[in-house]
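Residue numbers (my numbering), protein chains in the order written: chain A, 62 to 239; chain B, 62 to 239; chain C, 62 to 239; chain D, 62 to 239.
These are calculated hints, taken from the structure and not from any lab test. In this text the structure is predicted, and so the values were computed from the model without any measurement. Hints are not guaranteed to be accurate.
[Said to hold, decoys possible] Pairwise CB distance ranges, derived in the manner of DEER restraints:
hint: 1; chain 1: D; residue 1: GLY223; chain 2: C; residue 2: LYS198; range: 29 to 37 Å
hint: 2; chain 1: A; residue 1: ASP237; chain 2: D; residue 2: GLU98; range: 49 to 57 Å
hint: 3; chain 1: C; residue 1: GLN212; chain 2: A; residue 2: PHE152; range: 18 to 26 Å
[To be verified] Under the rule of at most 30 Å between Cα atoms (straight-line distance), these lysine-lysine pairs were calculated in the DSBU-like manner:
hint: 4; chain 1: B; residue 1: LYS141; chain 2: B; residue 2: LYS198
hint: 5; chain 1: C; residue 1: LYS198; chain 2: B; residue 2: LYS141
hint: 6; chain 1: A; residue 1: LYS141; chain 2: A; residue 2: LYS216
hint: 7; chain 1: B; residue 1: LYS198; chain 2: C; residue 2: LYS141
hint: 8; chain 1: C; residue 1: LYS216; chain 2: C; residue 2: LYS141
hint: 9; chain 1: D; residue 1: LYS198; chain 2: A; residue 2: LYS141
hint: 10; chain 1: B; residue 1: LYS216; chain 2: D; residue 2: LYS141
hint: 11; chain 1: D; residue 1: LYS216; chain 2: D; residue 2: LYS141
hint: 12; chain 1: C; residue 1: LYS216; chain 2: D; residue 2: LYS198
hint: 13; chain 1: A; residue 1: LYS198; chain 2: A; residue 2: LYS141
hint: 14; chain 1: D; residue 1: LYS141; chain 2: B; residue 2: LYS141
hint: 15; chain 1: B; residue 1: LYS198; chain 2: A; residue 2: LYS216
hint: 16; chain 1: A; residue 1: LYS225; chain 2: A; residue 2: LYS141
hint: 17; chain 1: C; residue 1: LYS198; chain 2: C; residue 2: LYS141
hint: 18; chain 1: A; residue 1: LYS198; chain 2: D; residue 2: LYS141
hint: 19; chain 1: B; residue 1: LYS225; chain 2: B; residue 2: LYS141
hint: 20; chain 1: B; residue 1: LYS141; chain 2: B; residue 2: LYS216
hint: 21; chain 1: D; residue 1: LYS225; chain 2: C; residue 2: LYS198
hint: 22; chain 1: C; residue 1: LYS141; chain 2: C; residue 2: LYS225
hint: 23; chain 1: C; residue 1: LYS198; chain 2: A; residue 2: LYS141
hint: 24; chain 1: D; residue 1: LYS225; chain 2: B; residue 2: LYS141
hint: 25; chain 1: A; residue 1: LYS216; chain 2: C; residue 2: LYS141
hint: 26; chain 1: A; residue 1: LYS198; chain 2: B; residue 2: LYS198
hint: 27; chain 1: D; residue 1: LYS141; chain 2: D; residue 2: LYS225
hint: 28; chain 1: C; residue 1: LYS141; chain 2: A; residue 2: LYS141
hint: 29; chain 1: D; residue 1: LYS198; chain 2: D; residue 2: LYS141
The beta-carbon is built from N, C-alpha and C at its ideal position, and this holds for glycine as well.
There are 4 protein chains.
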Amino acid sequence: MSPAMQPLAVTQQLGSMGLQILPEGTPVNAPVRADAEPLLADFPYRLSDNVRFADLDINQHVNNASYASYFETSRVTLMKDGANGLQPDGFGWVMVRLGINFRAELHWPGRIDLGLGVAKIGRTSVSFDQVVFSEGKCVASARAVNVLVDQATRKPVPLTDGIKTNFRRWLRRGYDGS
Amino acid sequence: MSPAMQPLAVTQQLGSMGLQILPEGTPVNAPVRADAEPLLADFPYRLSDNVRFADLDINQHVNNASYASYFETSRVTLMKDGANGLQPDGFGWVMVRLGINFRAELHWPGRIDLGLGVAKIGRTSVSFDQVVFSEGKCVASARAVNVLVDQATRKPVPLTDGIKTNFRRWLRRGYDGS
Amino acid sequence: MSPAMQPLAVTQQLGSMGLQILPEGTPVNAPVRADAEPLLADFPYRLSDNVRFADLDINQHVNNASYASYFETSRVTLMKDGANGLQPDGFGWVMVRLGINFRAELHWPGRIDLGLGVAKIGRTSVSFDQVVFSEGKCVASARAVNVLVDQATRKPVPLTDGIKTNFRRWLRRGYDGS
Amino acid sequence: MSPAMQPLAVTQQLGSMGLQILPEGTPVNAPVRADAEPLLADFPYRLSDNVRFADLDINQHVNNASYASYFETSRVTLMKDGANGLQPDGFGWVMVRLGINFRAELHWPGRIDLGLGVAKIGRTSVSFDQVVFSEGKCVASARAVNVLVDQATRKPVPLTDGIKTNFRRWLRRGYDGS
Numbered sequence: 062m063s064p065a066m067q068p069l070a071v072t073q074q075l076g077s078m079g080l081q082i083l084p085e086g087t088p089v090n091a092p093v094r095a096d097a098e099p100l101l102a103d104f105p106y107r108l109s110d111n112v113r114f115a116d117l118d119i120n121q122h123v124n125n126a127s128y129a130s131y132f133e134t135s136r137v138t139l140m141k142d143g144a145n146g147l148q149p150d151g152f153g154w155v156m157v158r159l160g161i162n163f164r165a166e167l168h169w170p171g172r173i174d175l176g177l178g179v180a181k182i183g184r185t186s187v188s189f190d191q192v193v194f195s196e197g198k199c200v201a202s203a204r205a206v207n208v209l210v211d212q213a214t215r216k217p218v219p220l221t222d223g224i225k226t227n228f229r230r231w232l233r234r235g236y237d238g239s
Numbered sequence: 062m063s064p065a066m067q068p069l070a071v072t073q074q075l076g077s078m079g080l081q082i083l084p085e086g087t088p089v090n091a092p093v094r095a096d097a098e099p100l101l102a103d104f105p106y107r108l109s110d111n112v113r114f115a116d117l118d119i120n121q122h123v124n125n126a127s128y129a130s131y132f133e134t135s136r137v138t139l140m141k142d143g144a145n146g147l148q149p150d151g152f153g154w155v156m157v158r159l160g161i162n163f164r165a166e167l168h169w170p171g172r173i174d175l176g177l178g179v180a181k182i183g184r185t186s187v188s189f190d191q192v193v194f195s196e197g198k199c200v201a202s203a204r205a206v207n208v209l210v211d212q213a214t215r216k217p218v219p220l221t222d223g224i225k226t227n228f229r230r231w232l233r234r235g236y237d238g239s
Numbered sequence: 062m063s064p065a066m067q068p069l070a071v072t073q074q075l076g077s078m079g080l081q082i083l084p085e086g087t088p089v090n091a092p093v094r095a096d097a098e099p100l101l102a103d104f105p106y107r108l109s110d111n112v113r114f115a116d117l118d119i120n121q122h123v124n125n126a127s128y129a130s131y132f133e134t135s136r137v138t139l140m141k142d143g144a145n146g147l148q149p150d151g152f153g154w155v156m157v158r159l160g161i162n163f164r165a166e167l168h169w170p171g172r173i174d175l176g177l178g179v180a181k182i183g184r185t186s187v188s189f190d191q192v193v194f195s196e197g198k199c200v201a202s203a204r205a206v207n208v209l210v211d212q213a214t215r216k217p218v219p220l221t222d223g224i225k226t227n228f229r230r231w232l233r234r235g236y237d238g239s
Numbered sequence: 062m063s064p065a066m067q068p069l070a071v072t073q074q075l076g077s078m079g080l081q082i083l084p085e086g087t088p089v090n091a092p093v094r095a096d097a098e099p100l101l102a103d104f105p106y107r108l109s110d111n112v113r114f115a116d117l118d119i120n121q122h123v124n125n126a127s128y129a130s131y132f133e134t135s136r137v138t139l140m141k142d143g144a145n146g147l148q149p150d151g152f153g154w155v156m157v158r159l160g161i162n163f164r165a166e167l168h169w170p171g172r173i174d175l176g177l178g179v180a181k182i183g184r185t186s187v188s189f190d191q192v193v194f195s196e197g198k199c200v201a202s203a204r205a206v207n208v209l210v211d212q213a214t215r216k217p218v219p220l221t222d223g224i225k226t227n228f229r230r231w232l233r234r235g236y237d238g239s
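Isolated chain A, as found in the complex (with noise of 0.2 Å):
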């Protein structure tokens, strides 16, 4: 992997952060860019990358599937490391939900900043959030929740030990993973 593509740090659980996410099915009158912006600290897994003039639209702002592509990047670089001990022989992971919040308009060129941090282990999911930063400032915030399904039958199966395990050194700050 390339020193651009190593995760920068592990960092320590601190306190409670009580950040505010909407629910999917919560209205929003006034524009998100007003909530509480996360911290990139608070995300132990962290990436750059370059935005690219392909993931512009004809709004020149970096069109909305681009952040889908770019919260990817963080997920599949920690999950297919080998290093990180996430993804088991014979079983793969698959999203079942994408919730994203966009805070802001991104333009071309520029790098971005990825973080990435553990919210929530489940039985047989987990649930990550995930930011965009660009130039110190939030552009977008995400949750990712992914299933651990067999790869023969495509039916969901629990999370050994070990894996919740590797899992718990890229918590959120402020998560316990519960």
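With chain A fixed as given, assemble chains B, C and D onto it according to the hints.
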């Protein structure tokens, strides 16, 4: 607009549906597939499209970011059709929230049916419920929240009564927009 | 395969066409639009698809990379349809060359008609001529060269007589494959 | 522009190179990999970027359309940097031709080095030679031809002497632009 891109019907609003949609923060410890499945007939704005080979990822199924583009297809086709009166001059729509439930894996080749219904008409925003169906089955559903902004200031502005009235033509069955 | 993805016709080969296609190294000091325009009827394998909003870039026209996906749609739909006998077990097709002439700007929304015809059947490769039409006009044409490789060694292998025969069903009108 | 997106060097033009580039119509019966490989040092405009997971297709290698976006990254970063004086007000660049040689499969994760050099400065067009390197090896090369158009009429217009002079700063080593 080509025949295949035509909205199929404006359906009437029937009784309450009570579909349960997962809020972002809810842990998913069982596959979402078990949830109550949306009915395509409840979504008054409908389009069809082809799954593209380019939508697939290394898992040989449609990548999560491609769904974001599927949902975009429905929204922008509705919103940018001048006949619908949803795009006032000098103003634009900015997406602030997208929450997707992935209910089943989708493969290539194949057709998809897209459905959209307005769930909530807010002061400065509108919330869309959206679905992707394949062979009669809901493979993904989403709630998208878009805010009307002044194109010069990029600040949210209130929806006019005219726009609100126009959105009511596309309410999801069982929803009254409040 | 869905109805919309069906090849429309196997046309017969007629007389020589003599279309001039620009070699890669030729400087283009006049727009390619002035060149002799391909005829959709000369391409025996045909599909239709929708332009997607996601195909656009900041110039409000279809981005050049999206055309590469349009051409891919035709090729993989032909090649991966087992009924065509072009995909022998244990072997795969690797693209080694793609040359695209962009003849006109393409906008959204709209339908596109895709045409493909085999131009050359080589020892280990096949060359496809491909076109994208919009409203009866050729907006892009391409030559794609794919090499058959052994999936284990990733080295080129000769086409069998059976594969060559199967490709001859799809010759571009005016071409004999040599 | 971020440090990672900075052009690395304006190299001097040295002697003729005589690299052989396949014309579009040339059958490829042997893998292009055997051809003379371009040297990154011959391309004066250089950037680095990350391969994204989203660039992959079901073959677990970078999809051909993703290369088109890689090449675009180099071109638009050069052209849209006002300091380079290549984008006159009221005019735009339209791509008329893109020919790509795929020389090796590219995988994720990894870094890529992008190189661009001007090969030909025409009356209304410019031809770019472009390369993608991975771990010191050329995995793809391309010639892209862009035409300057009047943004109102969308018709080609002659390059001014000033633009021609500015392009000469970025000639591919061994090329004099004619």
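Consistency of the hints with the structure:
Separation of GLY223(D) from LYS198(C) is about 35 Å and conforms to the stated range, judged on CB atoms against 29 to 37 Å. Evaluation of the 49 to 57 Å hint for ASP237(A) and GLU98(D) yields a pass: the beta carbon distance comes to about 53 Å. The hinted window of 18 to 26 Å between GLN212(C) and PHE152(A) holds, with their beta carbons roughly 25 Å apart. Distance hint between LYS141(B) and LYS198(B) is fulfilled; the C-alpha atoms sit about 28 Å from each other, no more than 30 Å.
At roughly 25 Å between alpha-carbon atoms, LYS198(C) and LYS141(B) fall within 30 Å of each other, so this suggested pair holds. At most 30 Å may separate the alpha-carbon atoms for a hinted pair to count; LYS141(A) and LYS216(A) meet this at roughly 20 Å. Restraint check: the Cα-Cα separation between LYS198(B) and LYS141(C) comes to about 25 Å, which is no more than 30 Å; the hinted pair holds. For the hint linking LYS216(C) to LYS141(C), the alpha-carbon distance of about 20 Å falls within 30 Å, and the restraint holds.
The hinted pair formed by LYS198(D) and LYS141(A) meets the criterion: a straight-line CA distance of about 25 Å does not exceed 30 Å. Note on LYS216(B) and LYS141(D): the hinted pairing holds, with a Cα-Cα distance of about 28 Å set against a maximum of 30 Å. This hinted pair checks out: LYS216(D) and LYS141(D) have alpha carbons roughly 20 Å apart, not beyond 30 Å. Of the pairs offered as hints, the one joining LYS216(C) and LYS198(D) holds, with about 18 Å between alpha carbons and a cut-off of 30 Å not exceeded.
For the proposed pair LYS198(A) and LYS141(A), the alpha carbon gap of about 28 Å is at most 30 Å, so the pair holds. Restraint check: the Cα-Cα separation between LYS141(D) and LYS141(B) comes to about 29 Å, which is no more than 30 Å; the hinted pair holds. Between LYS198(B) and LYS216(A) the CA atoms are separated by roughly 18 Å; this keeps the pair inside 30 Å, and the hint holds. Restraint check for LYS225(A) and LYS141(A): satisfied, since their Cα atoms lie roughly 16 Å apart, inside the 30 Å limit.
Our distance criterion of 30 Å between C-alpha atoms is met by LYS198(C) and LYS141(C), whose separation comes to about 28 Å. Pair hint LYS198(A) plus LYS141(D) holds up; C-alpha atoms about 25 Å apart against a cutoff of 30 Å. For the proposed pair LYS225(B) and LYS141(B), the alpha carbon gap of about 16 Å is at most 30 Å, so the pair holds. Proposed proximity of LYS141(B) and LYS216(B) is supported: the alpha carbons are some 20 Å apart, at most 30 Å.
Pair hint LYS225(D) plus LYS198(C) does not hold up; C-alpha atoms about 33 Å apart against a cutoff of 30 Å. Of the pairs offered as hints, the one joining LYS141(C) and LYS225(C) holds, with about 16 Å between alpha carbons and a cut-off of 30 Å not exceeded. Straight-line distance between C-alpha atoms of LYS198(C) and LYS141(A) comes to about 46 Å, which puts the hinted pair past the 30 Å bound. A hinted pair counts as satisfied when its Cα atoms are at most 30 Å apart, and LYS225(D) with LYS141(B) does not qualify at roughly 40 Å.
For the hint linking LYS216(A) to LYS141(C), the alpha-carbon distance of about 28 Å falls within 30 Å, and the restraint holds. The suggested pairing of LYS198(A) with LYS198(B) is violated, with an alpha-carbon distance near 40 Å, which exceeds 30 Å. Taking the CA atoms of LYS141(D) and LYS225(D), the gap is about 16 Å. The hint holds against a cut of 30 Å. The straight-line distance between the Cα atoms of LYS141(C) and LYS141(A) is roughly 29 Å, inside the 30 Å bound, and the hint therefore holds.
Between LYS198(D) and LYS141(D) the alpha-carbon distance is near 28 Å, which keeps this suggested pair within the 30 Å criterion.
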